[in-house]
Amino acid sequence: MPSTMIEVRRHYSEAEEVALIDAVHDAVVTGFQIPPQDKDVRLVVHAPHRFACSPRLSQPEYFTLITIDCFAGRSIDAKRTLYTQTITNLKPFNIPADHITILIRDHPTQNWGLRGGHPASDLDLGFNINV
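In this text, residue positions in the sequence shown follow the working numbering: the first is 1, and each later residue adds one.
Note that these hints are calculated values from the structure, not bench results.
These numbers were taken from a predicted model, which means no experiment stands behind them.
Keep in mind that the hints are not guaranteed to be accurate.
Pairs of lysine-lysine, DSS-like flavour, derived with a Cα cap of 30 angstroms [what the hints assert, rightly or not]:
{"#": "1", "residue 1": "K91", "residue 2": "K79"}
{"#": "2", "residue 1": "K91", "residue 2": "K39"}
{"#": "3", "residue 1": "K79", "residue 2": "K39"}
Assemble the whole structure, with the sequences as input and the hints as a guide.
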């Protein structure tokens with residue numbers, strides 16, 4: 001059950017925001033092989049002066065930071081797939097590939113409280129995290 005946050009420095013229309021959330025979620029589904037209905041994605045739109053980025057970026061208004069908190073166990077190949085799929089899925093938004101940063105934070109399953117306060121390590125999650 002990854003928890004994903006997308007942070008951007010520019011405004012998008014409501015339809016674009018929904019599409020952006022779906023594009024990132026679809027990349028997580030593909031890379032981590034989770035069920036599509038396992039969706040926990042937030043979009044945060046910052047005023048540019050509140051979200052600094054590298055001055056080397058040619059279009060700093062398109063800087064996009066994607067942070068994914070997830071269960072530990074995903075392989076480097078699964079993460080590579082997620083990275084590649086994210087870049088592909090964000091092309092329609094005209095976000096330059098080098099303006100996207102993806103940060104994965106792996107957490108042990110006992111550090112997630114789910115389904116009424118149970119440690120995820122005690123639950124049948126319904127999918128394999130060791131992909």
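Each hint tested on the structure:
| no. | hint | result |
| --- | --- | --- |
| 1 | K91 with K79 | holds, 19 angstroms |
| 2 | K91 with K39 | holds, 21 angstroms |
| 3 | K79 with K39 | holds, 18 angstroms |
Violation of the numbered hints given earlier is absent; every hint is satisfied by the structure.
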